[in-house]
Amino acid sequence: MTYHPPHITRLAAESEGAPDAELTVAPKSPRDVASVLHHATEKGLKVQVWGGGTRSGYGSPPPPDIVMSMERLGEIESWVPGDLTLVVGAGARIADIESKLVGENQTAVLPEVPGRSTVGGAISAGASALRRGRLYGTRERILETTIVTGDGRIVRSGGRVVKNVTGYDLPKLSAGAFGSLGVVVSVCLKLWPLPPAGATVTVDGPDQASSVARPLAILEENDSTRVFLWGTDEDVSAMSGRLGGDSADGLDWPADPSGPYLWSVRVPPALTSQAIGQLPNGWRYLAIHGVGDIRAASDDGEGVSDLRAWAESVGGHLVVVKAPTDSLDGFDPWGSPPAGLDLQRRLIAEFDPARIINPGRLPGGI
Amino acid sequence: MTLLSDLRQTLGNENVLEEPLELYIYSKDASLMRGEATFVVFPQSAEHVAAVVQIAGRHGMPIVARGAGTGLTAGASPTEGGIVLATTALNSIEIDSDNRTAWVGAGVINLDLSKTAAPFGLHFAPDPSSQSACTIGGNVANNSGGAHTLSEGSTTSHVLGLEVVFADGEIVVLGGQAPDAPGLDVKGLVVGSEGTLGIVTRALVRLLPIEPDVRTLLLDFPTVEAAVTTVSEIIAAGMIPAALELMDQRMTIAVENWLHAGLPVDAAAVLLAEVVGEREGVDSQASQIGEIGRANGAGDVQIAKTEEHRALLWKGRKSAFGAMAQLAPDYYLHDAVVPRTKLVEIMRTIYEIADRYELTLLNVFHAGDGNLHPLIAFDASEPGVADRVHKAGEEIVAACLKVGGALSGEHGIGLEKRDLMRMAFTEIDLDAQARLKEVFDPTGLFNPRKVLPDGSRCFDFGGVRREVPEGAWI
Ligand SMILES: Cc1cc2nc3c(=O)[nH]c(=O)nc-3n(C[C@H](O)[C@H](O)[C@H](O)COP(=O)(O)OP(=O)(O)OC[C@H]3O[C@@H](n4cnc5c(N)ncnc54)[C@H](O)[C@@H]3O)c2cc1C
Chain A
1 MTYHPPHITR
11 LAAESEGAPD
21 AELTVAPKSP
31 RDVASVLHHA
41 TEKGLKVQVW
51 GGGTRSGYGS
61 PPPPDIVMSM
71 ERLGEIESWV
81 PGDLTLVVGA
91 GARIADIESK
101 LVGENQTAVL
111 PEVPGRSTVG
121 GAISAGASAL
131 RRGRLYGTRE
141 RILETTIVTG
151 DGRIVRSGGR
161 VVKNVTGYDL
171 PKLSAGAFGS
181 LGVVVSVCLK
191 LWPLPPAGAT
201 VTVDGPDQAS
211 SVARPLAILE
221 ENDSTRVFLW
231 GTDEDVSAMS
241 GRLGGDSADG
251 LDWPADPSGP
261 YLWSVRVPPA
271 LTSQAIGQLP
281 NGWRYLAIHG
291 VGDIRAASDD
301 GEGVSDLRAW
311 AESVGGHLVV
321 VKAPTDSLDG
331 FDPWGSPPAG
341 LDLQRRLIAE
351 FDPARIINPG
361 RLPGGI
Chain B
367 MTLLSDLRQT
377 LGNENVLEEP
387 LELYIYSKDA
397 SLMRGEATFV
407 VFPQSAEHVA
417 AVVQIAGRHG
427 MPIVARGAGT
437 GLTAGASPTE
447 GGIVLATTAL
457 NSIEIDSDNR
467 TAWVGAGVIN
477 LDLSKTAAPF
487 GLHFAPDPSS
497 QSACTIGGNV
507 ANNSGGAHTL
517 SEGSTTSHVL
527 GLEVVFADGE
537 IVVLGGQAPD
547 APGLDVKGLV
557 VGSEGTLGIV
567 TRALVRLLPI
577 EPDVRTLLLD
587 FPTVEAAVTT
597 VSEIIAAGMI
607 PAALELMDQR
617 MTIAVENWLH
627 AGLPVDAAAV
637 LLAEVVGERE
647 GVDSQASQIG
657 EIGRANGAGD
667 VQIAKTEEHR
677 ALLWKGRKSA
687 FGAMAQLAPD
697 YYLHDAVVPR
707 TKLVEIMRTI
717 YEIADRYELT
727 LLNVFHAGDG
737 NLHPLIAFDA
747 SEPGVADRVH
757 KAGEEIVAAC
767 LKVGGALSGE
777 HGIGLEKRDL
787 MRMAFTEIDL
797 DAQARLKEVF
807 DPTGLFNPRK
817 VLPDGSRCFD
827 FGGVRREVPE
837 GAWI
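As you go down the protein sequences, you meet chains A and B in turn.
Residue numbers are given in the working numbering: position 158 of the first sequence equals residue 158, and the series is strictly consecutive.
Numbers given in the working numbering equal positions in the second sequence, counted from 1, plus 366.
Hints may be right or wrong, so weigh each one.
Claimed, not checked - With beta-carbon atoms standing in for the labels, derived distance ranges:
1) A:Val80 - B:Ala746: 38 to 44 Å
2) B:Pro578 - A:Pro19: 48 to 54 Å
3) A:Val80 - B:Tyr717: 22 to 28 Å
4) A:Val314 - B:Glu804: 35 to 41 Å
5) A:Thr2 - B:Gly423: 41 to 47 Å
6) B:Ala484 - A:Asp207: 19 to 25 Å
Honestly, the hints are just simulated from the structure, not real lab data.
Glycine included, C-beta positions come from ideal geometry on N, C-alpha and C.
So that you can see chain A by itself, here it is in the shape it has in the complex (with noise of 0.2 Å):
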């Protein structure tokens, strides 16, 4: 057992379905994360960051030594709706913000859906909401970041504010980061107004939607497409009439499938369909076309690597969510390695230079 004094002992917790570790911490400030890491850097200590376990699968990591539990690091610290900004510790649930916000009529677009996420999870594995082809990714929300280091710097980036280019982009970079240059532990996010109506209209395919010049989702699942819209109701009403179909009132959005494995297949916009043929028998699927985004689900491994393959020659990527442990022997989670991975080390480095936070979940093993 590793000695852990009492400045980081004090912040053991118990974390519902967190993963075994020999010390389970959750800290109530920066300033604890820092101290934790701190301490997790001069032993040399594995760190697992746990916000709500829904995305914990992704990367093939070392069993942490530390689980730090985000749950205490969750308050709105500052939500003004006339500046479309809302400051919040990272560990808030996804679910939680997005039914206050609700209450004045906005949104963080973030992922519809979200089970038990957290905003800094879903920042942090790169998690976009299905609205992305209209309104973009998580990435485009997040205007100012407050990170911890892996050697405790608490560094703030960005600003409270809708637009801004004051110095290096950094809060963007947290976006699918896996923390790995720090544990965010605060946003501000750029919220978006509601507009008054909205619709969920059915149709016979991705191409009967071309009527509509930016819906806000065109979702084909196994056995069904349906066109998302919304505007005024003016608009609204016009937009349905025009795409024919049975259209029901409001947004009914569609989880992301499930299974024992989880995949995230990645290719251009316009391949979209074409990805959904390629996809093994027995595949469930969510896809977004417009963007490119199939979210699938599997009961086994069997025909990844040709889906891959494919995938990489058209320029995209096939990425284990999810899998049983050992179940993909020799798989890599993520495929080939990307451009730059060098600069990527180097990079990390620099803000988490024994490499405790999250390791090997990024691709490289990095």
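Model the placement of chain B with the ligand on the given structure of chain A, informed by the hints.
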């Protein structure tokens, strides 16, 4: 071999300038600060750029990338000397209409991209007022915004991939058409880095469909407050118009004297609003905006009836900088951002600062996102005026930061605002940014002394056990 012969041999004599007059032309951007170019080069390909980077590295000579030189913060001014690398010849455009993307050479002019995309029913969303001159490379480097940033975001939201030459002279392609490239979003870091991390040779950009319909409105208000309140209420009503641009009376008069566009010169503030989308939606949004405006005291609500009328309304807005020329030979502007709910308060403060320094100040700005452009018109040949202009500018920035704002919304930091970075960030924050720069450019080859103030890299943590500055943690 000398630097000059190396460059000539690689690029050809015709692509290297060395005459004093030529160098003089390339030693300044649209800001007030001039540098001194050692040579100017015109690479014809990414391979040429890579070769120039290697040559410069060997000779220890800095490189300053230059697009059109419309930058407003001395970003492209070679203030430390060095090779000015002009991207003019990197001018290819390859449109992929199925995927709604384009690979665009860094030297392509912003408006030319949208013009080339138009036959496909597509356009490039970032539309700086300088779009008929500025380049995609400059837009990427400065993460430029425009009138339509409110609804579609700045340049960064439209850059899917980059071809970049880094300090080791390697050409690297980052990102791509597929979403969410695995790993750190290095391209996202290069966007907005003002030529300090590498040279962008091509960008893969997102193109958006041209909206089926558009309504452009011009509303005049008896007070600036009324105009600003209207902006807030439009957004509170669930609308994000494509643009919400505001001009104060002094600016409106200046533009009208220049353009004769029939602008309402008696109004204290003029608001230009544009909504886009399906026809049914734009009509209802336009009438709603008109109602909100009238409820706040708007006198006249013009809705552009023809495309020519719309173009004229926009020309008024986009000519604001040009109109300044007839007021005074020089202008100086900041582009700080404030939370929108602080606009009324900050406008009062800004006028008060200008009056105190006895300066002529006009306002034209992106009201929807709180991005101010207080313009000070002056004559630099008047003794002592430059000093007053700078002091007033600094006070304006400080006031914006005090109400929770940011130093720059779209023009960037460059050299001009570099030292003001300390007002916005702590030493630890700046140190983190300086580390980023060091990782990309350990020898300081690219655009030295821009963006970060000298001495930003003040802590060397290196190993973890070193002494830690007070307050850094725990
Ligand atoms: C009248 C006027 C109106 C303007 N309106 C707006 C506006 O509405 N919104 C806005 O955001 N800006 C505006 N600007 C500022 C300016 O036009 C933008 O910043 C523009 O993007 C600069 O493009 P450029 O090609 O002129 O770049 P330059 O001025 O040549 O360079 C700008 C910076 O980019 C770097 N750079 C250029 N090319 C590359 C490359 N290929 N690789 C790496 N670095 C590179 C340069 O080193 C420099 O740091 C305005 C300027 C003027 C004069």
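Results for each hint:
no.: 1; hint: A:Val80 - B:Ala746: 38 to 44 Å; in the structure: 40 Å, holds
no.: 2; hint: B:Pro578 - A:Pro19: 48 to 54 Å; in the structure: 51 Å, holds
no.: 3; hint: A:Val80 - B:Tyr717: 22 to 28 Å; in the structure: 24 Å, holds
no.: 4; hint: A:Val314 - B:Glu804: 35 to 41 Å; in the structure: 36 Å, holds
no.: 5; hint: A:Thr2 - B:Gly423: 41 to 47 Å; in the structure: 45 Å, holds
no.: 6; hint: B:Ala484 - A:Asp207: 19 to 25 Å; in the structure: 23 Å, holds
Hint compliance for this structure: every hint is met.
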